[in-house]
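K.L.:
Put the two chains together into one complex, using the hints given.
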Amino acid sequence: MTESINELITALPDLRESLSAKRELLLANAVMFSEIPAPTFEETERARFMMDRLIEAGCQNVSTDELGNAVGIHPGKTGKRNILVAAHLDTPFAKTADHAVQVNPNSITGPSIMDNALGCAAVASLPTLLSQLGIELEDNLVLLGSVRSMGKGDIEGMRFFLENNQLPMRAALLCEGGTLGRLSYSSLGVARGTIDCVTVRGANAGRLASGGAIPVLNRVLTKMLEIPLPTDPVTQVILGSVIAGTTFNTPSRDAHLRFEIRSEGAGVVNEVLEQIEAVVAEANSIPGAKVALNIVGRRKNTAISFQHPLIKSARRILKELDIEDHTAPSTGELSTLIGRGIPSLVLGLTNGDHRHDYNETIEIDPIFTGLAQLITMLQAIDGGLCDAND
Amino acid sequence: MPTIEDWITRNTFHHSQFFDQLELLKQKEKTGLTISLCIPTLNEEATIGKEIVIFRSELMERYPLVDEIAVIDSGSTDKTLEVAASFGADTYFAGDILPEQGHKRGKGENLWKAIHQLKGDIICYVDADIKNIHPRFCYGLIAPLLYRPEMSYVKAFYDRPLAFSQGVRPSGGGRVTEILVRPLFSLFYPELSALMQPLSGEYAVRRHVLERLPFPIGYGVETSHIMDVYKEWGMEAFGQTDLDKRVHRNQETLSLGKMSFGILQSFLGRMQGMGMEGALPEMHNILRQFQAQDQTYEQICYDIVEEERPPMIEIPEYREKMGY
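Chains as they are written, first to last, in the working numbering: chain A, 70 to 459; chain B, 29 to 352.
Watch out, some of these pointers could steer you wrong.
Claimed, not checked - Have a look at the derived ranges for each label pair, beta carbon to beta carbon:
(1) B:130 to A:79: 56 to 64 Å
(2) B:110 to A:317: 31 to 39 Å
(3) B:349 to A:174: 29 to 37 Å
Hints in this document: simulated from the structure, not taken from any laboratory.
The beta carbon of each residue, even a glycine, is placed where N, CA and C say it ideally should be.
Next up, chain B with everything else stripped away, as it sits in the complex (with noise of 0.2 Å):
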């Protein structure tokens, strides 16, 4: 059985070994895929406009290695749709495709949707928060799958240095992953440690794989998608790349544990449904936080549920737009 460490050798990737944009066209060429580069947006006014641009030009101007840019947005209340399509950006409203199916707030539900409205045999997710865009965000996580037939699911991890006023601090980020999932996969899924940054919310997937998962829509979406991968096709379907740095908005403690509590649920449910679940009590759904002010403690509940889609392919508009 390979280890651990022969998995990375054999699949980890650095962005640089892919900086031949043109014999990435090549390539691409030859095997006949299509790119769909999907941002999932929710008020991301401030840098939507520099990643069209970027990717625009460098993806589909010089090199067309995507054929379509697209914009799914969950309802921002500022301008990210407008300025996304100035700069020639398809944007959709998640809301408006497949209507039938109803509308959920969350980030998943932008990524399982942009599954039905894209085209691409290959869909690449970038999250549209990045400061230091730059198009190896993207060709970095699709050139592995133009190469590797057997890879089907491409995820980025970084030196992550996080935002702060006063310049670029040079370690810190990914908390969630360091403090929780890690541990979590280290306990019940060692193969799944080898996965850098299990929570990068940029990743390339083969279309046969997407359509074939279902979809958390909110913090357990980039968990979930590993454990099903892992079950069904294995650790041979990852591949990983290093894209160097990722300049982002840093997120509060408190927001985190709200992350980690649908992480935990999402992962506890695959658990389950992979037939390693112990005796474990009904869980509840409320995430206790406290605010303290002088001698008087408040409780602050949140009733985080992980609603789940079901995969793409079962859903009968989508099996109707792709003839299956």
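Isolated chain A (complex conformation) (with noise of 0.2 Å):
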């Protein structure tokens, strides 16, 4: 049983050069992992992969669940108590984008490989990592890859699982490719949608719907973009995409816009998603035009103490690191676990850049200090040391 933190920060910078010495197996899985590609809701070939691996480390019940999620368990010593480790399977990129990886000495660069190729490598490597490393824990890790996370998945995935997963969690760390040092352990609330636009031809067509469903969707716009938010507590309506038309030469029958409202306080993403339906509804009188918003995704605001013992470890671990700690509200998983009462943290690998776009770059290096953060972090929760109190 470990006794303090200050043990296990004592060991930080051994720990952090023995996983550097078996950097070829974290960044094969994670070359590997960002070449299989894995949109949201195809997530099945990934997820067998990850299955692929926990099989041969050793781990137990390895499975599948009937939403694709993969799960197994790293037994621990006692294995009375269990810890989740999670890293989201799909990404943003279509199936048949070329997702080629580049190995370069100090970087890798290519699809997914930030966001969550390396955090899918981390829990797929992690048992081999431990058991290399002649780490055992008393709990068990209950390891997973969860699918439907981003976008439209709406976090399906997670929420399946934690729904029908029969044992219950001491903690969750969750684990995303970047940034190293973020600490998030709060969720926004957030309500993610689409704003449909269709306009009919002919005579029932008004001056602007006769223009086609642009001018109509760029209305909406405008008047979205009107709507005050408050800067306390930060709220933000993030317009992510808009697909429209065909051509140069002819209007477009159809438009869509894809948009986020995120706040740090509760409530507010309500406020602002009223207003948002009244802006459709008014649009929807527009003659030849027909507006629909569609919510395809909803988190509450949620939140652990920033004096719980489990951000205080994580936040003492990244000093001793050289880490400049970031607090940043998640959008993601976090607020189903912390929903639950299941005390948990996203923690971030490595530095990177290019966030979602085709050359999306990790550096290497970091990713030992992020590999040693949450291992240290996990004998923290395993010790006892990160429970709260009460």
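P.N.:
Here it is in structure tokens:
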């Protein structure tokens, strides 16, 4: 049993060094995950690869559930308690995109290498790394590659896992490729949706709609941008993408906006959403236009306290690793974990750039600091150093 | 006499048959064989890092199927060797191996010198320009040699998509094979047409065969190997493994012309060695291609001579090293 956080912190430099010596194992997994296309709802092949790795590493109960989540258990010495270590498998890149990765001496570049092939590689490599390092935990590690996390997936994979999983979780760590030093222990309130404009041609179309769906959507966008947003709590409306039209000389019949409202304040997302609903209702009165609002995802604001021992331990470890911690609220799976009372944290594993671009890039050297952080956090949780007093 | 179909049934594999690398490792230990992986390079900094990382992790760290990974370089001007070394490959400039034998530029030179430099009883050659590299590119080729002692030379074949700007096209590639080599084999050595992709750059060979093969240093190395192995050891020495897709750089048609010219030189030379030459006149070494600008047609001449290295077993330094 670990006696104190100091004991773990003393071992950090050696741990980092040992991990660096095993870098091919992790890098190869990261490259292979990255080169398996896995757009949201089509993660089967990545889940299969995750399971193969867990089976090879001697994990127990390796399986996939009805939604396609890949899960396996790295058994602890006593196995009385369980720690969840998860990474989402899905990416925003289409199956047809070129998924080839380039490995340079100090960096790796390729679609999804940061979000979230590296996170998946960390989860898949963890049993082998722990075994090679001679680190035995008392608790079971429940290792999860979750599906349907991004976009319209609406964290359905994690929600399904938590609804159906029978094992109580002591804590959860979510692995993300970037960014090292990230500590996410609160989740933003989020509503994610589409606004779909369709116009009819002919006598029924008014002046605006006769120009096609783009001018109609433009009016909606203009009104949305006029919605006042509070600066405290910080609230944003993100206009993520617009899809409309097919050519130069034909008015578009339909136009689609994908947007996300996110706020640090409880209830603020709903207030903004009501105003967007009003904008859409008004646009629906434009002759010849049909405008529909479709909400595809929602998250509640959730958080664990800044003073929670899990957070304090994480900050202490980062400080010892000489990494500046930065708090970044999550819009992902954290909310459903904390919402179920599981103390949880999102950890970034390295530094990188061009997230969600085809030239997504991660730095190699900081990965071993990120892994040292992850393993030390697991040891701290396992040793009871992150349990809340209540 | 067995038919081509019989041979294909017995000697053709799919990499998925050898997915269980733990079983492969046990088989390797049973045979006591050592295995070297050789990657010949010339300016491959974009792809070499990934190959080394994946091969080292999967074939040395996870399952030690391969005893050494070596990059043998023809004189890259980019960071190929630096990148390869940074991920733990043994790196060599071909000119530094057997310096008494001089240095010739060409892929065949690297492959030939690898026989002297590397230690394995089996040498597996894998090109460095594979974008979708995977451990199957190595274990799929060495596995048949671990299970079939009569087999000595295992070649890869693929459904080869060509990389192009908008992604990956599902067919194409192997143009020189289909337009030149397969028709030649079909005409003169029909049995050899059973090899799906005789020109593929990935193959695994037993040392006792490799060291007895002369090595053209240019385009003709694969073709001449096949003809020499066929002559000395027959079809049963060959195996071939389907490695699925191989994504690689496409070559311009004019480059394929040069390749074909070199292959033809080797092929016709081998025909003579096998007593099948007809009344062929003396052949020229000049390949003539044309480029047009407006109404002007310019002839471009390439002097392509398929120089050849002798079997390694004839080299005194090698005989001394191996204790022959």
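K.L.:
Compare the structure with each hint and give your call.
P.N.:
A quick look at each hint next to the structure:
Taking the beta carbon of each, residue 130 of chain B and residue 79 of chain A are about 58 Å apart, inside 56 to 64 Å as hinted. The beta-carbon spacing between residue 110 of chain B and residue 317 of chain A, approximately 49 Å, falls outside the hinted interval of 31 to 39 Å. A hinted range of 29 to 37 Å for the beta carbons of residue 349 of chain B and residue 174 of chain A is consistent with their spacing of about 33 Å.
Going down the numbered hints, you'll see the structure goes against just number 2.
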